[in-house]
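**Student:** Construct the complete structure from the given sequences, taking the supplied hints into account.
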Amino acid sequence: MIQTWAIFKESYLHLNSKKLFWVSLIISGLIVLTFGAIGIDEDGMSFLFWDLPFPLNSSWLAPGFFYKFAFAQFGVRLWLTWGATILALVCTAGIIPEFLSGGSIDVTLSKPISRLRLFLTKYAAAMLFVALQVGVFAGASFLVIGLRGGTWEPAILLSIPLVVIFFSYIYAVCVLLGVLTRSTVAALLLTLLIWMGFFAVHLTESALLMFRTQTEQQVQWLRDDVASREATLESARAEPKEGIVNTLRSGFNVNSKEAELTRRREQLADKEESLRAVVAWHTGVVAAKTALPKTSETIGLLERRLIDMADLSGFADDEGGVQMQFDDEDDDLPVPRDDAAVSRAIVEKSRARSVWWIIGTSLIFEAVVVGLAARIFCRRDF
Amino acid sequence: MTSAAIDLSNVEKTYRGRIRALRGVQMRVEKGEVFGLLGPNGAGKSTLVKILTSVVHPTRCTGTLLDAPIGDKKALARVGYLPENPRFPDYLTGGQVLDLFGALAKIPRAERRRRADDLLATVGMTKWARTKIGRYSKGMRQRIGLAQALMNDPEIVFLDEPTDGVDPVGRREIREMLVRMRDDGRTVMLNSHLLSEAETVCGRVAIMVKGKVVRHGALDDLTRHSRRYEIEAAGPLPSGDHWRSLVHGLGAEVRSLGGAPREASLVVAPTDEPEPIQALLDALRAARAVVRSVRPVRASLEDLFLEAVQSMGEEGAGVGGQKGRDAAGKGAER
Ligand SMILES: Nc1ncnc2c1ncn2[C@@H]1O[C@H](COP(=O)(O)OP(=O)(O)O)[C@@H](O)[C@H]1O
Ligand SMILES: [Mg+2]
Numbered sequence: 004m005i006q007t008w009a010i011f012k013e014s015y016l017h018l019n020s021k022k023l024f025w026v027s028l029i030i031s032g033l034i035v036l037t038f039g040a041i042g043i044d045e046d047g048m049s050f051l052f053w054d055l056p057f058p059l060n061s062s063w064l065a066p067g068f069f070y071k072f073a074f075a076q077f078g079v080r081l082w083l084t085w086g087a088t089i090l091a092l093v094c095t096a097g098i099i100p101e102f103l104s105g106g107s108i109d110v111t112l113s114k115p116i117s118r119l120r121l122f123l124t125k126y127a128a129a130m131l132f133v134a135l136q137v138g139v140f141a142g143a144s145f146l147v148i149g150l151r152g153g154t155w156e157p158a159i160l161l162s163i164p165l166v167v168i169f170f171s172y173i174y175a176v177c178v179l180l181g182v183l184t185r186s187t188v189a190a191l192l193l194t195l196l197i198w199m200g201f202f203a204v205h206l207t208e209s210a211l212l213m214f215r216t217q218t219e220q221q222v223q224w225l226r227d228d229v230a231s232r233e234a235t236l237e238s239a240r241a242e243p244k245e246g247i248v249n250t251l252r253s254g255f256n257v258n259s260k261e262a263e264l265t266r267r268r269e270q271l272a273d274k275e276e277s278l279r280a281v282v283a284w285h286t287g288v289v290a291a292k293t294a295l296p297k298t299s300e301t302i303g304l305l306e307r308r309l310i311d312m313a314d315l316s317g318f319a320d321d322e323g324g325v326q327m328q329f330d331d332e333d334d335d336l337p338v339p340r341d342d343a344a345v346s347r348a349i350v351e352k353s354r355a356r357s358v359w360w361i362i363g364t365s366l367i368f369e370a371v372v373v374g375l376a377a378r379i380f381c382r383r384d385f
Numbered sequence: 008m009t010s011a012a013i014d015l016s017n018v019e020k021t022y023r024g025r026i027r028a029l030r031g032v033q034m035r036v037e038k039g040e041v042f043g044l045l046g047p048n049g050a051g052k053s054t055l056v057k058i059l060t061s062v063v064h065p066t067r068c069t070g071t072l073l074d075a076p077i078g079d080k081k082a083l084a085r086v087g088y089l090p091e092n093p094r095f096p097d098y099l100t101g102g103q104v105l106d107l108f109g110a111l112a113k114i115p116r117a118e119r120r121r122r123a124d125d126l127l128a129t130v131g132m133t134k135w136a137r138t139k140i141g142r143y144s145k146g147m148r149q150r151i152g153l154a155q156a157l158m159n160d161p162e163i164v165f166l167d168e169p170t171d172g173v174d175p176v177g178r179r180e181i182r183e184m185l186v187r188m189r190d191d192g193r194t195v196m197l198n199s200h201l202l203s204e205a206e207t208v209c210g211r212v213a214i215m216v217k218g219k220v221v222r223h224g225a226l227d228d229l230t231r232h233s234r235r236y237e238i239e240a241a242g243p244l245p246s247g248d249h250w251r252s253l254v255h256g257l258g259a260e261v262r263s264l265g266g267a268p269r270e271a272s273l274v275v276a277p278t279d280e281p282e283p284i285q286a287l288l289d290a291l292r293a294a295r296a297v298v299r300s301v302r303p304v305r306a307s308l309e310d311l312f313l314e315a316v317q318s319m320g321e322e323g324a325g326v327g328g329q330k331g332r333d334a335a336g337k338g339a340e341r
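Those protein sequence lines, which keep their order, are chains A and B. Quick note: this note's numbering has the first sequence finishing at residue 385, numbered continuously throughout. Quick note: this note's numbering has the second sequence finishing at residue 341, numbered continuously throughout.
Hints were generated in silico from the structure; no laboratory data involved. Misleading hints may appear alongside valid ones.
[Stated by the list, open to error] Selected chain B positions facing chain A (Cβ under 8 Å, derived; list incomplete):
hint : residue
1    : Lys57
2    : Val62
3    : Val63
4    : His64
5    : Ala84
6    : Pro90
7    : Pro93
8    : Arg94
9    : Phe95
10   : Pro96
11   : Leu99
12   : Leu107
13   : Lys113
[Unchecked claim] Label pairs and their calculated CB-CB ranges:
hint : chain 1 : residue 1 : chain 2 : residue 2 : range
14   : A       : Ile29     : B       : Arg137    : 21 to 31 Å
15   : A       : Leu146    : B       : Arg116    : 30 to 40 Å
16   : A       : Val358    : B       : Lys80     : 31 to 41 Å
17   : A       : Trp25     : B       : Gly31     : 51 to 61 Å
18   : B       : Arg142    : A       : Arg383    : 49 to 59 Å
19   : A       : Pro164    : B       : Arg137    : 32 to 42 Å
20   : B       : Arg30     : A       : Gly86     : 50 to 60 Å
21   : B       : Arg137    : A       : Val26     : 21 to 31 Å
Even glycine gets a Cβ: it sits at the ideal position worked out from N, Cα and C.
**Tutor:** Given below as structure tokens:
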């Protein structure tokens, strides 16, 4: 225990010597204060004492929801997962490489502490400081949302473990690179690159998911359409004794309807074909993603808890009824698609992903990477 | 036989499968002695100490340190270590460095404070305890390093080139600290390529060359064979059978030193006992020679060292190019 504290304290002094730690904390504070300064009531929005010219007011948007949404979207999604994380990485990236290349590694290793414990404690120290940063931010946000928004939402504090877990995935990579390169700058830049890689995989998967959901929906629509057209044609053919006039008129109709049905069948075959392709691609990318840390989804879990489906669908429905878009407007027989329904389906699908898949597999990735780094550290000669 | 502080029977180290830094080292260091580990740069001295302190993993190692197997972390609680060219984190103060390494050696807080104050006073750094290491001079870092090595009240202290880059005043202080450590009953292992240092403080030494111990033992024993008396006399030397048989009997040697107005000579008698040379002196006085000086002489550590390095070099030359590199081959390998 004496040793653990000593390592934490040393890491603290290290971070403290880098002004960035405080810069990051101050920015966090300013963001929370800005939140607190923005008011929303029946008359609209205000900043401190000035009215803001936004067409938003509390009858349209509940203040609690507004603050929660702002916290999840701007506070967590923008600041904590990008700004603060990059600052935290810059602060903590040096912990391992500077320890390795600094002149005191040999003295430290000569102390009665196992290398593995030394390494893991250093790793934990970085996590602790990130937890501290996020803790301050989340705590202050909790107060602001409570005082200004009127809802005391303990789920906001959930952002502390979630952001720390999210950070730990990236930090694991940083530590491995730090052990390999012994250079803070190299480790940091490569980590940012790999993080972008994770993000690119995520974006690819999201795009494929959207395309897949859309195609699934269209295939379903086409199947229904083909079935109903078949039924109509069937009944038209089955009742030919409706009278001459009728028969004449519908005779023309039957032919054009049959042509349309054939088009629909072709369209269905096309869509089914592309669905098979997109499903194959999507499955592949999801498999790859399973092995990688799921950074965005981990943070997304917070939104899942904070803003429930009911809030969200109410929000989406306001945008105006059922509106159909078409794949190709020039086509005389276009396939419609319902983008709002697609987004809803995507949100539902994303929310249906299990916490185990999101966090569990990411933690396995992290454990493997940290294990590798620890192994290299423990076996190296200094 | 009481147990030794360090008892190594076979230590080998090959770095990255290529550089053979240690080739079967045997060594024994008794408790309470100041032991000098000497050798040219690149001989493997630092590597040996790093293996003992678990900083480097040995390729093969049989032996004990403070009665525990080498690499045992518990035994390291009783070990102090000052590495070669120590650099401590710039963002820590001298006091914080002592506290950190004391804590890593599991010293409780109160005791850490007390010891840090004592040691800072001992190394004359009390005034600088609250200054960041980044602003220290080389000598000050070395002092903090020494204090750090003593934080856990160790039974054995490893000092790797402690006087490297330190000015003469600092060197002398370090030497005094070494003596104090020995008087406190600590075992000290001093790595050095500076021989004058070792000569004044070490009881026993090992000389390493190219990863092997080539001389090992008490300084007195190692230099015994080279002890002699040198008598310098001016004027006429005795002649006659008596003198010749005296010189012959002692196996002494007479050299002319030249000089004017009276020629001087040097009589070298290979003995470390004063009695046998009295007869020589009597004969010289009887012949009215002027005895200018009588000195007991022994080979310096430097002689011993150079001899060891040379013998190793000759031996190595026959074996192959790898070994035949000059003794200070460290630069070439890096
Ligand atoms: N970490 C290392 N990796 C590879 N080779 C090393 C390492 N440390 C030392 N060596 C090599 O091992 C040999 C012995 O070095 P060292 O133990 O530092 O000698 P000394 O302390 O006697 O000057 C040298 O040839 C040196 O180049
Ligand atoms: Mg050395």
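**Student:** Each hint should be assessed against the structure and marked as holding or not.
**Tutor:** For each hint, the structure was consulted:
Of the supplied interface hints, the one on B:Lys57 holds, with its beta-carbon coming within about 7 Å of a beta-carbon of chain A, less than 8 Å. Annotation: interface hint on B:Val62 holds; nearest CB of chain A at approximately 5 Å, less than 8 Å. Evaluation of the B:Val63 hint against chain A yields a held restraint, the C-beta minimum of about 4 Å falling below 8 Å. The beta carbon of B:His64 comes within 6 Å of a beta carbon in chain A, closer than 8 Å, and the hint placing it at the interface holds.
Given hint, B:Ala84 at the interface with chain A, holds; its Cβ is 4 Å from that chain's nearest Cβ, closer than 8 Å. The interface hint given for B:Pro90 holds, since its Cβ lies 4 Å from the closest Cβ of chain A, which is under the 8 Å cut-off. This hint holds: B:Pro93 has a C-beta 6 Å from the nearest C-beta of chain A, less than the 8 Å allowed. The interface hint given for B:Arg94 is met, as the beta carbon of that residue sits about 3 Å from the closest beta carbon of chain A, less than 8 Å.
At a threshold of 8 Å, the smallest CB-CB gap from B:Phe95 to chain A is about 5 Å, leaving the interface hint in force. Annotation: interface hint on B:Pro96 holds; nearest CB of chain A at approximately 6 Å, less than 8 Å. The closest approach between the C-beta of B:Leu99 and any C-beta of chain A is roughly 6 Å, which is under the 8 Å cut-off, so the hint is satisfied. Checking B:Leu107 against chain A by beta carbon gives a least distance of about 5 Å; that is within 8 Å, so the hint holds.
Interface hint status for B:Lys113: upheld, as the beta-carbon distance to the closest one in chain A is roughly 5 Å, under 8 Å. Between A:Ile29 and B:Arg137, the C-beta spacing of about 27 Å keeps the proposed range 21 to 31 Å intact. For A:Leu146 paired with B:Arg116, a C-beta distance near 35 Å keeps the hint of 30 to 40 Å intact. A C-beta distance of roughly 39 Å is found between A:Val358 and B:Lys80, which places it inside the suggested range of 31 to 41 Å.
For the pair A:Trp25 and B:Gly31, the supplied restraint of 51 to 61 Å holds, since their beta-carbon distance comes to about 55 Å. Range check, B:Arg142 to A:Arg383: Cβ separation about 31 Å, and the 49 to 59 Å hint is violated. As the Cβ distance of A:Pro164 to B:Arg137 is approximately 38 Å, the hint placing it in 32 to 42 Å holds. For B:Arg30 paired with A:Gly86, a C-beta distance near 56 Å keeps the hint of 50 to 60 Å intact.
Evaluation of the 21 to 31 Å hint for B:Arg137 and A:Val26 yields a pass: the beta carbon distance comes to about 25 Å.
Checked against the numbered hints listed earlier, the structure breaks hint 18 alone; every other hint is satisfied.
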